[in-house]
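Could you slot chain B onto chain A? The hints should help.
Number of protein chains: 2
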Amino acid sequence: MAGMNATQRRMCLLTDGFLDVFTAKTAVGLLRYCPTEIVAVLDKPNAGKKLEEIVATGAGVPIVDSIAAATRLHANQLVLGAAFPGGQVPAPWRQHIREALAAGMDIVNGLHQRLNEDAELAAAAKAAGKRIWDVRNPPALTKVGTCKARTTKGKRILTIGTDCNLGKRVMALELTREMKQRGLNAEFVPTGQTGVMTVGRGVALDAVVSDFVSGAIEEQVLAVGDADYILVEGQGALVHPGFSAVTLGLMHGSLPDEMILCHAPARKTMRSSSTPVISMGEMITLSEAILRPLHHSKVVGVALNCHGMNDDDAAKARDEAHAVTGLPVVDAFKTGVGPLVDVISRR
Amino acid sequence: MAGMNATQRRMCLLTDGFLDVFTAKTAVGLLRYCPTEIVAVLDKPNAGKKLEEIVATGAGVPIVDSIAAATRLHANQLVLGAAFPGGQVPAPWRQHIREALAAGMDIVNGLHQRLNEDAELAAAAKAAGKRIWDVRNPPALTKVGTCKARTTKGKRILTIGTDCNLGKRVMALELTREMKQRGLNAEFVPTGQTGVMTVGRGVALDAVVSDFVSGAIEEQVLAVGDADYILVEGQGALVHPGFSAVTLGLMHGSLPDEMILCHAPARKTMRSSSTPVISMGEMITLSEAILRPLHHSKVVGVALNCHGMNDDDAAKARDEAHAVTGLPVVDAFKTGVGPLVDVISRR
Chain A
1 MAGMNATQRR
11 MCLLTDGFLD
21 VFTAKTAVGL
31 LRYCPTEIVA
41 VLDKPNAGKK
51 LEEIVATGAG
61 VPIVDSIAAA
71 TRLHANQLVL
81 GAAFPGGQVP
91 APWRQHIREA
101 LAAGMDIVNG
111 LHQRLNEDAE
121 LAAAAKAAGK
131 RIWDVRNPPA
141 LTKVGTCKAR
151 TTKGKRILTI
161 GTDCNLGKRV
171 MALELTREMK
181 QRGLNAEFVP
191 TGQTGVMTVG
201 RGVALDAVVS
211 DFVSGAIEEQ
221 VLAVGDADYI
231 LVEGQGALVH
241 PGFSAVTLGL
251 MHGSLPDEMI
261 LCHAPARKTM
271 RSSSTPVISM
281 GEMITLSEAI
291 LRPLHHSKVV
301 GVALNCHGMN
311 DDDAAKARDE
321 AHAVTGLPVV
331 DAFKTGVGPL
341 VDVISRR
Chain B
1 MAGMNATQRR
11 MCLLTDGFLD
21 VFTAKTAVGL
31 LRYCPTEIVA
41 VLDKPNAGKK
51 LEEIVATGAG
61 VPIVDSIAAA
71 TRLHANQLVL
81 GAAFPGGQVP
91 APWRQHIREA
101 LAAGMDIVNG
111 LHQRLNEDAE
121 LAAAAKAAGK
131 RIWDVRNPPA
141 LTKVGTCKAR
151 TTKGKRILTI
161 GTDCNLGKRV
171 MALELTREMK
181 QRGLNAEFVP
191 TGQTGVMTVG
201 RGVALDAVVS
211 DFVSGAIEEQ
221 VLAVGDADYI
231 LVEGQGALVH
241 PGFSAVTLGL
251 MHGSLPDEMI
261 LCHAPARKTM
271 RSSSTPVISM
281 GEMITLSEAI
291 LRPLHHSKVV
301 GVALNCHGMN
311 DDDAAKARDE
321 AHAVTGLPVV
331 DAFKTGVGPL
341 VDVISRR
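Protein chains in written order, with the working numbering: chain A, 1 to 347; chain B, 1 to 347.
The following block holds chain A by itself, in its conformation from the complex (with noise of 0.2 Å):
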């Protein structure tokens, strides 16, 4: 699906008033995985300070306090970097909306709000002739799945996990970079608000129709299936009691050949939920079950998330992992992804 063009972006990422770690985790995203085509973050109470000093991340990129600063830096879209409690988009952003669109910027809006539906802002976007791209805001798709993602040329891999929210996005797109990096053919399908900014294209699952959320997947794989290795972002998880319907589309649109399990071993409960984390042998085997009556499809890697964690338990744990699962364990901040990339590009 049409996004904003990836490749002449010049991103300046908003994060007036936001900008740390969690609630700026689109922002950080977007630094980590596409650094050169970010060219300022507009942040007032940190202009002119490091940024990998704040967010461990986006050394060179400098910390603006106006819109006037971005545009002599030639952005040419301002992209809404946090997500602030409440959800309105607050007033000072919006006069910095304002302000960028007058000066030639589009905006690239992740939240749940659509500023398509803001008559203020829609009106200045078309009186100054730029874009808002609501990312949540997906067309009206009506493509039901039928398995046609079985055809792509390339091997299929996707992320999923015990629990949502611990690295299943950051996985793929480890996966993708560390195999460019060896000059294999890869190509990333972004299936959430960030990973859809991280690339420019996609859609966000999560907001699509129940029915035709295999069938958006589908499409999505279909578009890269000429790639050797198409990695594909996980979401949620097969047993979460909210989200299980997204996970299950997905794996069912997108009918992986081998999948990456994404684990954090100090949760103990599932994200929003009073439910224990069920164990990876347990979620390895449902997985694969559910998965075997339209696709063979192996679980053949474990990817921890140890936030929070000391080197010794974090190194523990992969250490049990393995001998849990008996498959290579990689932690992508401590180890790097290149024993699963090692596996995953096996002939």
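Don't read these hints as lab results, they were simulated from the structure. Some hints could be false.
Stated by the list, open to error - Straight line, CA to CA, 35 Å or less: simulated DSBU-like cross-link-like pairs of lysine-lysine:
1) B:Lys-148 with A:Lys-268
2) A:Lys-25 with A:Lys-268
3) B:Lys-298 with A:Lys-148
4) B:Lys-49 with B:Lys-130
Coordinates of chain B only, in the frame set by chain A:
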């Protein structure tokens, strides 16, 4: 959800050109479960023929060839009674809809296509002072599932299937009817447009954004949580390439205590798919396994759909199903559902 007043309905079911038990599933369902509220079926190719000889139900309801004829029978609602692949209203039907509005009928639409967003038809409704009810146009639901269905006073029973379109709604309705006839306190929870149209309330889950499917059904189940038996209409199939997202969201949102497995022995591949139907045993194992992390649930009975089979073959199929599963087996149209009610209501 508010629908239209069911007590004064005089429905004309529009099936024109699509009158068979599969495509006109909505019409057939209404003929079976609210026959006294239907005054005509509009189907030109079959006008004047006997309805029961074509779809095995609806004896006494005339098949007419025009809105004019339906008007003479005092129809006050035109109900779109067939579901086409893709969900777009065929051109000849638009003419019927315009004539019905002009003749003073409301329109009831269970297709994905929203007639209220069709400029021409919306204008025609406005001009006539009549209403279009887009049954599949749910309010903006934003509730995420949280396993609260577990708190109902009564037992939750869900119909599941080895495929879509093989009798899950019918079975839930038949069980509800039989229970009520036995004086039991049972409530039916519709989850599809036909079920919603049948009882005049509820949510068509396949039209709900995927993040909120389990939350939507959780709310519907809790709304009848005081009934002793809560019979939830199943949707899709857990391994259907197109519809599994709806199925799993429904399972995790309703958290059934017991499930009834619906199966069509003569069907080799799943609907709209070349994928083989899996065995009853596999589906029972998968369904119980995918629920287990959230709720202990058992398949307690089997309902066969022996459409197109002769009585001997159907009896043989029942014997085989019992031998394979060890569960009571019924056929709604050949044996009645008594044995399943016995199992569900045992103390």
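Going down the list of hints, with the structure as the test:
no.: 1; hint: B:Lys-148 with A:Lys-268; in the structure: holds, 20 Å
no.: 2; hint: A:Lys-25 with A:Lys-268; in the structure: holds, 23 Å
no.: 3; hint: B:Lys-298 with A:Lys-148; in the structure: holds, 33 Å
no.: 4; hint: B:Lys-49 with B:Lys-130; in the structure: holds, 31 Å
In summary, this structure violates none of the numbered hints.
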